[in-house]
Amino acid sequence: MRHSLLARTLALLWLIIGTVITLAPILWMLLQALKRPIDQIAFPPRFVFTPTLDNFTAVLSAPGFRAAMQDSLIVGVGSVGLGLLLGVPFAYVLSRSSMRGRFELAEFILSTKMLPAIVVVVPLLQVYQNLNLLDSYTGLILGHLLVVLALIVWVMRSFIDALPVEVEEAAYVDGASRLRVLTHIVLPSAVPGLVTVSALAFILSWNELFFALTLTGTNIRTLPTYMATEYVGFLAVDWGRLSAAGLLATVPVVLLVLVLQRYLVRGLSMGAVK
Amino acid sequence: MARIELRNVAKTYGAVDVIEGLDLHVEDGEFLVLLGPSGCGKSTILRMVAGLEDVSGGSIHFDDTRVDTLPTQKRNVAMVFQNYALYPHMTVARNMGWGLGLAGASNSEISSRTKLAAEKLGIYELMDRKPAALSGGQRQRVAMGRSIVRDPAAFLFDEPLSNLDAKLRGQMRREIKQLQQELGTTALYVTHDQVEAMTLATRVVVLNRGKIEQISPPLDLYARPASLFVADFIGTNPMNFLEAVVTETNTLRTGNATWAMPDGLSEADRRPGTALTLGVRPEHILLDDEGMLPITFVEKLGSDTVFRAALEDDELMVRCDPGLGVRTGDRVGLRADPAKMHAFSPETGLRLN
Chain A
1 MRHSLLARTL ALLWLIIGTV ITLAPILWML LQALKRPIDQ IAFPPRFVFT PTLDNFTAVL
61 SAPGFRAAMQ DSLIVGVGSV GLGLLLGVPF AYVLSRSSMR GRFELAEFIL STKMLPAIVV
121 VVPLLQVYQN LNLLDSYTGL ILGHLLVVLA LIVWVMRSFI DALPVEVEEA AYVDGASRLR
181 VLTHIVLPSA VPGLVTVSAL AFILSWNELF FALTLTGTNI RTLPTYMATE YVGFLAVDWG
241 RLSAAGLLAT VPVVLLVLVL QRYLVRGLSM GAVK
Chain B
1 MARIELRNVA KTYGAVDVIE GLDLHVEDGE FLVLLGPSGC GKSTILRMVA GLEDVSGGSI
61 HFDDTRVDTL PTQKRNVAMV FQNYALYPHM TVARNMGWGL GLAGASNSEI SSRTKLAAEK
121 LGIYELMDRK PAALSGGQRQ RVAMGRSIVR DPAAFLFDEP LSNLDAKLRG QMRREIKQLQ
181 QELGTTALYV THDQVEAMTL ATRVVVLNRG KIEQISPPLD LYARPASLFV ADFIGTNPMN
241 FLEAVVTETN TLRTGNATWA MPDGLSEADR RPGTALTLGV RPEHILLDDE GMLPITFVEK
301 LGSDTVFRAA LEDDELMVRC DPGLGVRTGD RVGLRADPAK MHAFSPETGL RLN
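Chains as they are written, first to last, in full-length UniProt numbering: chain A, 1 to 274; chain B, 1 to 353.
Calculated directly from the structure, the hints in this document are not laboratory data.
A portion of the hints provided could be inaccurate.
To be verified - Derived Cβ-Cβ restraints for the label pairs, each shown as a range:
#, chain 1, residue 1, chain 2, residue 2, range
1, B, Pro-71, A, Arg-66, 48 to 58 angstroms
2, A, Arg-8, B, Gly-122, 35 to 45 angstroms
3, A, Ser-97, B, Asp-63, 28 to 38 angstroms
4, B, Lys-211, A, Val-259, 57 to 67 angstroms
5, A, Ser-97, B, Asn-107, 54 to 64 angstroms
Every residue, glycine too, gets a C-beta built ideally from N, C-alpha and C.
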C-alpha cells in the first residue's frame, strides 16, 4: 500500500522520537564515560569536550570488575541452565498432559512473579542463613532460578502448544518413548523458542540487582552489585567510571543477542504439517 | 500383518458417550474404510486402535493378542495423518528410517529399506530434503514411506488425502490402493469422502454418532443401503425421499403421485394403509414422454443433466441423459424401476425391502 507523503513523514518522525527516547540514556552514559571528571559535573552539561578513555581503562584494569563479570556469567549461565532443565519438561507436561489442575499449576507459577521481590527475599534470607547458602554461587543461582523459572515455563509452554501434536503422535507410533519424543522431536522443533527464552532469562539474571545485593556479600559480586557498591559512595558518585562500567556490562548481552539472532526467528517447525 | 478385532469397545469423554459397544472385525489383508460425517467417532476408533486414545470399555485384539493394554509403541502399527506429521528437522531419509532405528535395525538395513520404499513411492531423489522443501503430495508420499518401511501389523490412515487438491487426491488414492494390494497389509482407513470409501475399500463401515449403520462392500452400500442415514449419505446426487402410503391397488401413493410397489417388501409391509418412506436415486428415475410434472430447475453438468421436478408437496431430483434437452418449464412424466426402489420404516429408519 502506498501512503501519502504526510503519513510517511509522520511515521518517520515517530520512529525518530521513539529511538531518541530509547537511546538517550545510553547516549548520555556514553558521553559521561568519555568525559574527564571536571566535564562530568559541569552544568549546563557540555556536549563539546576533549574525550578520554581513562574511565574505560580504569574499569577494565580493576580486578573487581573482571571478577564481577565472571560472577555474573556463572550465575547467569547456571540459573538459565537449571531453569531450562526444570522448566522445559515442566512446560512440556503442562502443554501436553490432560492432568487435572495443570492450568491452576501454571497460573500458580506465574503468580510468583506478582509478588514484590522483597516479600520473597526476606524469608529467603533466613532460609539461606540456615542452609548456609548466603554469599555462594549455589545460593544466588537458586535465587535467580526463582526469577527466571516462571518466564521459561510460560514462554516454552505457549511455544510447545503451537507445535503440532500429530508429529509427536507419529513418533509414538514409530516406537519412540515419551522422553525420546521430548529430546528428539520436541526440543529440536522448539530450538527457536529455547533460544529466545534463554536469551531473555539470561538478561533477567544478568541485570538482577535486588536478590544479588541481598543474598551475596564479599565472595560473590555480580555486575549490578559491583557497580552499585564500587562507584556509588555515601557522598559522591563516580559518574565516569560508573557509566563506563555500565556500557561494558551491556557488551556481553548485545553480543549474545547478535549471535543468537538467526535462531530468534521462528520457522523451524514449518514443513512438518500443512 | 494381522486381523484386527474390536470387542464391545466404548469411549467416553467425561459424561459424553462417543462410542458405545462397538464390535468390528478387520480381516487380515483387508482394506476397511470407516466412513461417516465429522463427529461420528471414526477418528476416535482409529486412534484407539493406534493406542493414541485409551478405550473406556471393551478390548482390541490383533490376531490373538490383546493390544488395548499395550502402549502405542508396542503395537507395531503405522499411521498416516491428515497433516502428514513429518519430523520437521529431519531429512526425508531420516523421517522414514527413524522408526527402524528405534526398533534396533542396523544402519545398512535402514538405508536399504528406506531406499526400497522411496523408490516404490518415487521420492528417491528427495531423500536429502527436509519436509519444508517438499510439496503437499511429496510430503504425503514421505508419510506413506515412513509407514511402509516398517512392515507394520496394520496401516492406519486418518483422512490422509484431505489436504490435497482434487487431482492429486485421485492419483494418491490409486497409489494407496495399489500399494496396499501389493503389500497385502491390513488397512484401516478413516474418511468422510464417500468416493474414497467406494474406490478403496473391500468393505465400508458407515458410522453415525458412534454407532455402526452398515458394514458392506462398497457396491452393496449403494445398491442396498441399510438405513435412511446410509441412503442419504452414499451417492453423488442425494437420494429422493418421499413419505408414501400403500394403496388398495398394491401401489404407493405420495401426495398426488402413484408409484409401483418396490420389490422385496414383506407381506405385512404391503398391507393397504401402511406408511413407509420411499427412496429413489436420481439416476434410477425414468422419464415418460407424457406427464404433468413441471421442471423447476435444470443443471447441465456435461456428462449428464440433473433437474428438479415439482410434486404436490415435494421436489424430485432426477438425473438424465443430456441429449434429452430438458428445459425449465417442460412437463414430464416420471416412474421408477421397482427393483431399484428403496423402502424404509418411517419409525426406525431401517430398510424394509
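Hint check:
no.	hint	verdict
1	B/Pro-71 - A/Arg-66: 48 to 58 angstroms	holds (54 angstroms)
2	A/Arg-8 - B/Gly-122: 35 to 45 angstroms	violated (52 angstroms)
3	A/Ser-97 - B/Asp-63: 28 to 38 angstroms	holds (32 angstroms)
4	B/Lys-211 - A/Val-259: 57 to 67 angstroms	holds (59 angstroms)
5	A/Ser-97 - B/Asn-107: 54 to 64 angstroms	violated (35 angstroms)
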